[in-house]
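K.L.:
Respectively, the protein sequence lines represent chains A and B. Each residue of the first sequence is one higher than the last, beginning at 1 in this note's numbering. Each residue of the second sequence is one higher than the last, beginning at 1 in this note's numbering.
Since the hints were made in silico from the structure, they are not lab data. Source: prediction; values computed, not measured. Misleading hints may appear alongside valid ones.
What the hints assert, rightly or not - In silico lysine to aspartate or glutamate, DMTMM-like type, Cα no more than 20 angstroms apart, as pairs:
1. A/Lys-163 with B/Glu-156
2. A/Lys-163 with B/Glu-150
3. A/Lys-163 with B/Asp-157
What the hints assert, rightly or not - Quick list of simulated restraints, FRET-style, between CB atoms:
4. A/Ala-131 with B/Thr-21: 46 to 54 angstroms
5. A/Ala-114 with B/Pro-26: 42 to 50 angstroms
6. B/Pro-26 with A/Met-79: 22 to 30 angstroms
7. B/Gly-155 with A/Val-167: 17 to 25 angstroms
8. B/Thr-16 with A/Asp-41: 41 to 49 angstroms
9. A/Asp-157 with B/Asp-57: 19 to 27 angstroms
Note that the Cβ used here is the ideal one computed from N, Cα and C, for glycine as well.
Number of protein chains: 2
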Amino acid sequence: MIVDTDQARPARQSGTIRPVTHEDVPALKTVIDANGLFPSDMLDDMLAGYFSGDASDDFWLTSDDGGPVAVAYYAPERMTQGTWNLLLIAVDPDRQGQGRGSALLCHVEQALAARGERVLLVETSGLPSFARTRAFYQKCGYEEEARIREYYQAGEDKVVFRKLLTVSISENY
Amino acid sequence: MIVDTDQARPARQSGTIRPVTHEDVPALKTVIDANGLFPSDMLDDMLAGYFSGDASDDFWLTSDDGGPVAVAYYAPERMTQGTWNLLLIAVDPDRQGQGRGSALLCHVEQALAARGERVLLVETSGLPSFARTRAFYQKCGYEEEARIREYYQAGEDKVVFRKLLTVSISENY
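One chain only, chain A, in its complex shape (with noise of 0.2 angstroms):
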């Protein structure tokens, strides 16, 4: 998923980061248009099976500061043994700069570390316009661990970015 996040060094930020919930839909759907991901109306389908309970291991977090501000969206890839993908994570653009990005995914890797997981791959586009979110992951700690040329359409590599899990000492975001 192509997303685009925040790439200030962390600052204090408050709010906390938890489970998404019906009532966010239409504040997250905001967050997608603003950032231009794809149409926000997919976000129905994509959280379906999140809601019903049907995709009982997909994932769907919010940073919550007076409102959903930003979203995380992860689930395990097929066929493998804790491996994981970040499927989307965006960050409201008048709540970025504020470090939410960072510490969302920090937590997510968190909450993987803990259960076991090995593995977090996230990938997006190799084009230039994506070299602030490229920028995002690397400072995060990911590694360019694969690239597949011509993969989102002519002309349009995606970019696997990796990183190993590893708990850590929580920190005070």
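Given chain A, work out where chain B should sit, using these hints.
P.N.:
Only chain B this time, still in chain A's reference frame:
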């Protein structure tokens, strides 16, 4: 998907390549079991969307020679324009070495190219025990495009093979 395939140079082999039907399922389970790929009762779930029409972009083909003796399953990669993934290809061990795997794979490539698709990916294990499978894809013109370390489990990489699709003159298999 991890697969096993025949390795011999394509020999003249009889039979037809056609879409999978409900009646093929027991024979295809036998092919899956004989190759030790995954529990063959998973096939029912894998085929459910294809048979119901809900997954109308899932394609399942069999090589029929007095009954189904091989199977191929391919589907589009989400969020791409023209990139597909060969999720399964397997040949009855008693019918391997007759060029059936190569013929089935060529058929898939030509069917995709004919509808204007661009890229076919195949993913398999990096373990030494899958050397024959990787050699099969290389023989069929696939390049090793990427490797995700420790993907399937600790110590087992995923290798991604890739081929750019082009329409070619039909061959007699």
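K.L.:
Take the hints in turn and mark each one as holding or not.
P.N.:
Status of each hint after checking the structure:
no., hint, result
1, A/Lys-163 with B/Glu-156, "16 angstroms, holds"
2, A/Lys-163 with B/Glu-150, "11 angstroms, holds"
3, A/Lys-163 with B/Asp-157, "14 angstroms, holds"
4, A/Ala-131 with B/Thr-21: 46 to 54 angstroms, "49 angstroms, holds"
5, A/Ala-114 with B/Pro-26: 42 to 50 angstroms, "43 angstroms, holds"
6, B/Pro-26 with A/Met-79: 22 to 30 angstroms, "24 angstroms, holds"
7, B/Gly-155 with A/Val-167: 17 to 25 angstroms, "20 angstroms, holds"
8, B/Thr-16 with A/Asp-41: 41 to 49 angstroms, "43 angstroms, holds"
9, A/Asp-157 with B/Asp-57: 19 to 27 angstroms, "23 angstroms, holds"
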